[in-house]
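Student: Each chain, letter by letter, is given below.
Protein chains: 2
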Amino acid sequence: MSAPSHTQPPGSAARRERQKEATRSRILDAARELFVANGVEATTMRAIAARIDYTPTAIYHHFRDKEALIEELCYVDFRALATALIRIGEIADPLERIRRMGMAYADFGFDNKSQYQFMFMTQTSHMPKDPARVEKNNPEQDAYGFLVLTVEEGLKKGLFRPEFQDEHQLAQLLWSGLHGLISLYIAKADDPWITWRDPRTTVRLAIDVMIRGTRRQDLA
Amino acid sequence: MSAPSHTQPPGSAARRERQKEATRSRILDAARELFVANGVEATTMRAIAARIDYTPTAIYHHFRDKEALIEELCYVDFRALATALIRIGEIADPLERIRRMGMAYADFGFDNKSQYQFMFMTQTSHMPKDPARVEKNNPEQDAYGFLVLTVEEGLKKGLFRPEFQDEHQLAQLLWSGLHGLISLYIAKADDPWITWRDPRTTVRLAIDVMIRGTRRQDLA
DNA sequence: GCCGCGACTTGACAGCGTTAGGTTAACGTT
DNA sequence: AACGTTAACCTAACGCTGTCAAGTCGCGGC
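Here the protein sequences line up with chains A and B, keeping their order.
When we follow this note's numbering, the leftmost residue of the first sequence carries the number -6, and every step to the right adds one.
When we follow this note's numbering, the leftmost residue of the second sequence carries the number -6, and every step to the right adds one.
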């Protein structure tokens, strides 16, 4: 009777919704912890449920299946990556922007190995299936689109060698140069077969190599 | 009675061994086909066995477990890759050799997507655990070691910019530049989120970029 | 002619992701 | 205040997986 007015009492449906959102959040947190600790494949629904004292089936009231759970975490990380990159967008020089984006991208990968893995290293797309969720080319949400835009700007300013005309091709070249380092390091860091050098130093070198290899010679 | 001599009759133990090797081979063939068609994860021991009209458990008489089966296929492919690269070893100029090795490596990846995937894109090392099987730095067996040797030769000849001193670091940089393209394409080729350009063309561009970015300027 | 060995099968185990159906507590309505 | 509805959660189970202990059976060697 305190202040129900004509709408629902504040402590009813709204509170219930908040409760639901809370357990949903707890599931996501537990899943993330276990995914990071033991890998996605090795983490079972039962283990996630046990960690928050629920029955496995309870998870299915909040997520369609395990894939949807992964997808949700992916979505969050994807926005986090885009947010980390967007700050760099203010840098005027496209080449310097690319350099800084590359470093930020690599930092994200090395700091979030597990997420990086199921974002970019698995065959099934863990990108949100709903096209309305992540808007292509909106730099706030689509880091790849942001890179393409930056490359496009560089192309327009004539910063690149003449054989580079296609912004997608050049963006894919730059991106995959870093992705190779990050993903190989994530997958094979413990493999004694390769003598690894400090990956962040190699990333810095790789970015320089790629910029030197793509920019127009006369304005080096 | 034809020609048993003092050793065992030829149609006995030897034949039996050949028989065993034959079914072992059939298992490997079936596994490879299914792995390529449906992916490693989606391929079950039961499916492999059914394809050659055996019971699942029969496989375990020839391979310790599924992992060992994968590992064996990996080992074969690994030698195939090294063999494909070794022919290029005759090219005198290290830089040109690197270029050709890169193309051959990319061809291998695009032509053997499934194998490439579980050789280089999975966390658990599918490299043969037995260190005696693949000899490190023997170019006939270790493609990475072969690349390192080539890079080392280029370093000794002073072909690279002065900031590159470490043959491992430079080899990892070159390798991962291509690995990024190949692995991203394998994992995300069907992802509508990225507008893919022809990967082989991009590979050629990437190799040029990396060589141009690492070689000494004055002998361009 | 018997023995042993080894390739192969039978039948089962524990664990996985997932689901149909039941329980229970809180809600809006009367 | 008692009702029926809703939805969060649980119980029990399904079909599937990789794997194994124990059995079958036929061939080679003594």
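Rather than coming from a laboratory, the hints here were simulated on the basis of the structure.
Only a predicted model underlies this, so the values are computations on that prediction, with no experimental measurement involved.
Note that the Cβ used here is the ideal one computed from N, Cα and C, for glycine as well.
A hint or two may mislead.
Here are the simulated distance ranges between beta carbons [as the list claims (entries may be wrong)]: (1) T188/B to A77/A: 17 to 27 Å; (2) A43/A to R209/B: 23 to 33 Å; (3) G151/A to R209/B: 43 to 53 Å; (4) N31/B to D58/A: 32 to 42 Å; (5) D100/A to T188/B: 22 to 32 Å; (6) D183/B to K150/A: 44 to 54 Å; (7) E26/B to D184/A: 24 to 34 Å.
Covered, in the sense of this in silico footprint (three residues per stretch, anywhere, with C-beta under 8 Å from a C-beta of chain B), are these stretches of chain A [what the hints assert, rightly or not]: (8) 16 to 28; (9) 56 to 69.
On the chain B side, residues computed to face chain A include the following (Cβ under 10 Å) [stated by the list, open to error]: (10) S18; (11) L21; (12) D22; (13) T37; (14) A40; (15) M96; (16) F113; (17) S169; (18) R190; (19) T194; (20) V202; (21) R205.
Student: Each hint should be assessed against the structure and marked as holding or not.
Tutor: Going through the hints against the structure:
| no. | hint | in the structure |
| --- | --- | --- |
| 1 | T188/B to A77/A: 17 to 27 Å | 23 Å, holds |
| 2 | A43/A to R209/B: 23 to 33 Å | 59 Å, violated |
| 3 | G151/A to R209/B: 43 to 53 Å | 26 Å, violated |
| 4 | N31/B to D58/A: 32 to 42 Å | 20 Å, violated |
| 5 | D100/A to T188/B: 22 to 32 Å | 26 Å, holds |
| 6 | D183/B to K150/A: 44 to 54 Å | 34 Å, violated |
| 7 | E26/B to D184/A: 24 to 34 Å | 28 Å, holds |
| 8 | 16 to 28 | violated (count 0) |
| 9 | 56 to 69 | violated (count 0) |
| 10 | S18 | 27 Å, violated |
| 11 | L21 | 23 Å, violated |
| 12 | D22 | 23 Å, violated |
| 13 | T37 | 15 Å, violated |
| 14 | A40 | 18 Å, violated |
| 15 | M96 | 15 Å, violated |
| 16 | F113 | 7 Å, holds |
| 17 | S169 | 3 Å, holds |
| 18 | R190 | 4 Å, holds |
| 19 | T194 | 7 Å, holds |
| 20 | V202 | 3 Å, holds |
| 21 | R205 | 4 Å, holds |
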